[in-house]
Amino acid sequence: MDFLSIFSAALGSAIGPIAAIYALAAIGLNMHFGYTGLLNFGQVGFMLVGAYGVAVSVLTFGLPIWAGFLASIACAIVLALLLGIPTLRLRADYLAICTIGVAEVVRLIYRAPVARDLTGGVYGRQGFADGFDDANPFTDGLDLGIVSFRASDLWVMVWAWGLVGLATLVMWLLMHSPWGRVIKGIREDEEAVRSLGKNVFLYKMQSLVLGGVFGALAGALIGLNQQTVTPDQFMPQVTFYLWAMLLLGGAGRTLGPIIGSMAMWFLLTLFDEILRGLDSIDMLPFFGGPEVGAMRHAIVGLVLVLLIIYRPQGIVGDRKEMLVNVK
Amino acid sequence: MSSDPTDAAAPDRPVPDRSAGIEPVPGVAKPDPILRADGIRRSFGGLTAVDVDHLEVQRGTITALIGPNGAGKSTLFNLLTGFDRVDSGQWTYEGRSLQGLAGHQVARRGMVRTFQLTKALTRMTVMDNMLLAAQGQVGEKMLGGLLRLWTTQEAANRKRAIELLERFKLDTKRDEMAGSLSGGQRKLLEMARALMVQPGMVMLDEPMAGVNPALVQSLLGHITALRDDGMTVLFVEHDMDVIMGISDWIVVLAEGKIIAEGCPDDIRSNTQVIDAYLGASHDDPAAATGEDR
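Protein chains in written order, with UniProt numbering: chain A, 1 to 327; chain B, 1 to 293.
Heads up, a few of these hints could be off.
[As the list claims (entries may be wrong)] Derived SDA-like pairs (lysine to any residue); straight-line CA-CA distance at most 25 Å: (1) 141/B x 169/A; (2) 141/B x 205/A; (3) 141/B x 136/A; (4) 173/B x 205/A; (5) 141/B x 86/A; (6) 257/B x 108/B; (7) 141/B x 90/A; (8) 141/B x 202/A; (9) 141/B x 5/A; (10) 141/B x 191/A; (11) 141/B x 148/A; (12) 141/B x 173/A; (13) 30/B x 255/B; (14) 141/B x 298/A; (15) 141/B x 39/A; (16) 141/B x 165/A; (17) 141/B x 85/A; (18) 173/B x 190/A; (19) 141/B x 138/A; (20) 173/B x 175/A; (21) 173/B x 187/A; (22) 141/B x 187/A; (23) 30/B x 245/B; (24) 159/B x 81/A; (25) 141/B x 190/A; (26) 141/B x 73/A; (27) 141/B x 77/A; (28) 141/B x 237/A; (29) 159/B x 85/A; (30) 159/B x 100/B; (31) 141/B x 78/A; (32) 173/B x 270/A; (33) 257/B x 95/B; (34) 141/B x 255/A; (35) 141/B x 199/A; (36) 141/B x 92/A; (37) 141/B x 206/A; (38) 141/B x 81/A.
In short, the hints are calculated from the structure, not lab data.
Please model the complete structure; the sequences and the hints are all you need to start from.
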């Protein structure tokens, strides 16, 4: 086994385009859950409309990429309003059920035969990223010694990490303002906040829209990164990955989702590479070959369980805040 | 709202008796009502929880709302403050109708409530709890918050919050999490936070519940101080000693209806009230003499 190459692969995936994209979607989830206390189990729905926002605008309507991004944002706002108006008055647990349902409904609508002219149905959309690639200023890849990236990866990384930076700045400014104070108050007790003259519903809606827009931008970047979108890559487990990342990093902290996403991809790749390495020299006792992929998830799951037990606030969470007697 | 009264009156009641001369009958009209309610009804399934024909609350008084368990006190509170929807009825605050308004809109009009189970925002600091209650903050709009247009307003609010915290002896706790306060301190914080809204009327839902006896006196002092500052206080309470001691006017609810109204002395000798609390057929000698009258 080559430990250096294992480490380099893990590091590459921790700072690569996918980690950045997931970090962006997790920032949106952090807005919903970490700060506002909304149990959103349908973040993948926002990613889906974001990805298709670009794909459909460019391919079906022939619009430029930037217009596609605007369409993604508009789709996320519409979805947040459709989801929020009937459900934000519900109690947190009902909201959770509704969000997971809506995300699935959206996926099924986008893959339905009736939508094929627009979305390509189950085959999805390909070849919408040409304009994005043409604008790529990088001609060569980047070699940092231990990790290296292709030129196309670099271009996505610039956008993805750029948007992560922008989203983080926006979140930091908002959460350190009176607006953020109301949002955190809603997380603690929305009745109390209402009794102080704040329109709780409006704030929850703003939170849902903002977090949804971050999710949609992440979805748009997934499409551009893969140069293809299909409905079935937006299954509910994507949302659960995001939750795992958020809790790993620390919910309710500005850097939590970013650190969570990087750590999660680092661990996933690390275990994957180690298991494959062991498998290749026949050191794995009970399993091998195709089971390796499943095993890495089991190990990451175990790490998460240990984390919840021994460090429930996540990597950068505030232990003092966690330990406060809540009721 | 006059605040002259310090020169008049006994030390324990520095405000002139604003409820003097009002006839102690249910639904009686007051000379200067801040809150007027008519035909407030709310039922849950077959049970009529609240059925109040007419209720007026006199401005600048401490009015207590009492009644046996399940009398509908908290429900009436919720209805009046927009935290529950009435089946029928209308009510006005300062002459403007509150009907159909949501809880936050009622609070903005100046009628602020607290809760039976204290709702301190536990994972926020005491100071943030206070600042949250200030009204009309530019920074509470998304764009205003993002563009940091709120810093001068925040400084002014912070100054006012510190003054209030000093008054409630919480200023040393200002940077601690509200969740680390004791039950009594949380009650104080909730009251201070309600004042931060600058209300005209404060509705306290069982302000003494779960507070240790040593702190009760201090809480009572704060409640009378609210009245002395010109605020109207309406509160729900169980402890009879507390009620008789500080109320200017008492409204008794039983089975959703107002069965009696009056100043503490009227209520103490009202047979209907005693019946409602102890049951109609009882052997209490005090009540027996009441029935003879």
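Verification of the hints:
Of the pairs offered as hints, the one joining residue 141/B and residue 169/A holds, with about 17 Å between alpha carbons and a cut-off of 25 Å not exceeded. For a cut-off of 25 Å, the pair hint linking residue 141/B to residue 205/A stands: about 13 Å separates their Cα positions. With a CA separation close to 38 Å, the supplied pair residue 141/B and residue 136/A exceeds the 25 Å bound. Taken as a hint, the residue 173/B and residue 205/A pair is broken in the structure, with Cα atoms around 33 Å apart against an allowance of 25 Å.
The hinted pair formed by residue 141/B and residue 86/A meets the criterion: a straight-line CA distance of about 23 Å does not exceed 25 Å. Restraint check: the Cα-Cα separation between residue 257/B and residue 108/B comes to about 28 Å, which exceeds 25 Å; the hinted pair is violated. Of the supplied pair hints, the one linking residue 141/B and residue 90/A holds, its CA atoms being roughly 24 Å apart against a limit of 25 Å. Distance check on the hinted pair: residue 141/B and residue 202/A sit about 10 Å apart at the alpha-carbon level, within 25 Å; holds.
Distance restraint check for residue 141/B and residue 5/A: the Cα-Cα separation of roughly 50 Å exceeds the 25 Å cut-off, and the hinted pair is therefore not satisfied. A distance of roughly 19 Å separates the Cα atoms of residue 141/B and residue 191/A; the hinted pair therefore holds under the 25 Å criterion. For the hint pairing residue 141/B with residue 148/A, the CA-to-CA distance comes to about 44 Å; that exceeds 25 Å, so the pair is violated. Between the alpha carbons of residue 141/B and residue 173/A the distance comes to roughly 13 Å, so the proposed pair stays at or under 25 Å and holds.
Straight-line distance between C-alpha atoms of residue 30/B and residue 255/B comes to about 24 Å, which keeps the hinted pair within the 25 Å bound. Restraint check for residue 141/B and residue 298/A: not satisfied, since their Cα atoms lie roughly 44 Å apart, outside the 25 Å limit. For the proposed pair residue 141/B and residue 39/A, the alpha carbon gap of about 23 Å is at most 25 Å, so the pair holds. Distance restraint check for residue 141/B and residue 165/A: the Cα-Cα separation of roughly 23 Å lies within the 25 Å cut-off, and the hinted pair is therefore satisfied.
Straight-line distance between C-alpha atoms of residue 141/B and residue 85/A comes to about 20 Å, which keeps the hinted pair within the 25 Å bound. For a cut-off of 25 Å, the pair hint linking residue 173/B to residue 190/A stands: about 23 Å separates their Cα positions. Restraint check for residue 141/B and residue 138/A: the C-alpha separation of about 41 Å exceeds 25 Å, so the hint is violated. Proposed proximity of residue 173/B and residue 175/A is supported: the alpha carbons are some 22 Å apart, at most 25 Å.
About 22 Å separates the Cα atoms of residue 173/B and residue 187/A, which keeps this hinted pair within 25 Å; it holds. For the hint linking residue 141/B to residue 187/A, the alpha-carbon distance of about 18 Å falls within 25 Å, and the restraint holds. Between the alpha carbons of residue 30/B and residue 245/B the distance comes to roughly 22 Å, so the proposed pair stays at or under 25 Å and holds. Distance check on the hinted pair: residue 159/B and residue 81/A sit about 38 Å apart at the alpha-carbon level, beyond 25 Å; violated.
This hinted pair checks out: residue 141/B and residue 190/A have alpha carbons roughly 17 Å apart, not beyond 25 Å. Taking the CA atoms of residue 141/B and residue 73/A, the gap is about 20 Å. The hint holds against a cut of 25 Å. Our distance criterion of 25 Å between C-alpha atoms is met by residue 141/B and residue 77/A, whose separation comes to about 18 Å. With a C-alpha separation of about 34 Å, the suggested pairing of residue 141/B with residue 237/A is violated against the 25 Å cut-off.
For the proposed pair residue 159/B and residue 85/A, the alpha carbon gap of about 38 Å is over 25 Å, so the pair is violated. Only pairs whose Cα atoms come within 25 Å are accepted, and residue 159/B paired with residue 100/B is rejected, the gap being roughly 35 Å. Restraint check for residue 141/B and residue 78/A: satisfied, since their Cα atoms lie roughly 21 Å apart, inside the 25 Å limit. About 46 Å separates the Cα atoms of residue 173/B and residue 270/A, which puts this hinted pair outside 25 Å; it is violated.
At roughly 23 Å between alpha-carbon atoms, residue 257/B and residue 95/B fall within 25 Å of each other, so this suggested pair holds. Proposed proximity of residue 141/B and residue 255/A is supported: the alpha carbons are some 24 Å apart, at most 25 Å. Proximity of residue 141/B to residue 199/A is assessed by CA-CA distance (about 11 Å); at most 25 Å being required, the pair is judged to hold. Between residue 141/B and residue 92/A the CA atoms are separated by roughly 24 Å; this keeps the pair inside 25 Å, and the hint holds.
With a CA separation close to 10 Å, the supplied pair residue 141/B and residue 206/A stays within the 25 Å bound. For the hint linking residue 141/B to residue 81/A, the alpha-carbon distance of about 18 Å falls within 25 Å, and the restraint holds.
When held up to the earlier numbered hints, the structure conflicts with 3, 4, 6, 9, 11, 14, 19, 24, 28, 29, 30 and 32 and fits the remainder.
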